[in-house]
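Residue numbers (my numbering), protein chains in the order written: chain A, 446 to 560; chain B, 108 to 218.
Quick caveat, the hints were computed from the structure, so don't treat them as lab data. One or more hints might be untrue.
[Said to hold, decoys possible] Some, not all, of what chain A presents toward chain B, calculated at C-beta under 8 Å:
hint : residue
1    : L484
2    : Q486
3    : S532
4    : A533
5    : P553
Cβ atoms here follow ideal geometry from the backbone N, Cα and C, with glycine treated the same way.
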Amino acid sequence: GAGVSQSPSNKVTEKGKDVELRCDPISGHTALYWYRQSLGQGLEFLIYFQGNSAPDKSGLPSDRFSAERTGGSVSTLTIQRTQQEDSAVYLCASSLAGNGKETQYFGPGTRLLVL
Amino acid sequence: EDQVTQSPEALRLQEGESSSLNCSYTVSGLRGLFWYRQDPGKGPEFLFTLYSAGEEKEKERLKATLTKKESFLHITAPKPEDSATYLCAVHFSGGYQKVTFGTGTKLQVIP
């Protein structure tokens, strides 16, 4: 079956512009996670969606970052007024029920470069 | 503060030279420990989940073990295709369902 897909695979933008990153989770997975991976750093948790519950936004680094998940499926991560320090790989993962003990399946990531 | 530390940061092995990667954690209430493999330009790929001390899991040349303070990923007779970054992640008892990732061990297996 299809895995987690993300688009675009690469994004180059200018400082100050807004960007939108998309994630299509595995069909039937109710939990969706966004992470950021900077060079030489571990995966940094950003936000977590579980079903129709309010998302856990505790990992978002600033109010320039926001995410939504429409219809319990596709998610979009938006970064407003991008800064150079936002350059990183943004990874999306999904799991069946999101109880923390389950395997998270990752997408290939979106490589964001802010010039 | 809950932390996950992986060592070494990088490891270079000759093909066939067995070794182990370490993931140590200081968390309050381990609920699960995950090992992932990440190839350049790709997302992490799941390998193992361990839930309790003493548990072991095997897959081909890889074997993961867990104690109360750390996990080891043993690689027996590695091949060049085992070259990748290996990530450890810990799910701990907390207010919400997330895992904390280590920074990974970059493994290079030389033919």
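Results of checking the hints against the structure:
Restraint check, L484(A) versus chain B: the minimum CB separation of about 11 Å is more than 8 Å; hint violated. Because the beta carbon of Q486(A) sits about 6 Å from the nearest beta carbon in chain B, less than 8 Å, this interface hint is met. This hint is violated: S532(A) has a C-beta 16 Å from the nearest C-beta of chain B, more than the 8 Å allowed. Given hint, A533(A) at the interface with chain B, is violated; its Cβ is 13 Å from that chain's nearest Cβ, farther than 8 Å.
Taking 8 Å as the C-beta contact cut-off toward chain B, the hint placing P553(A) at the interface holds, the least distance being around 5 Å.
Taken one by one, the earlier hints fail for this structure at numbers 1, 3 and 4, listed in ascending order.
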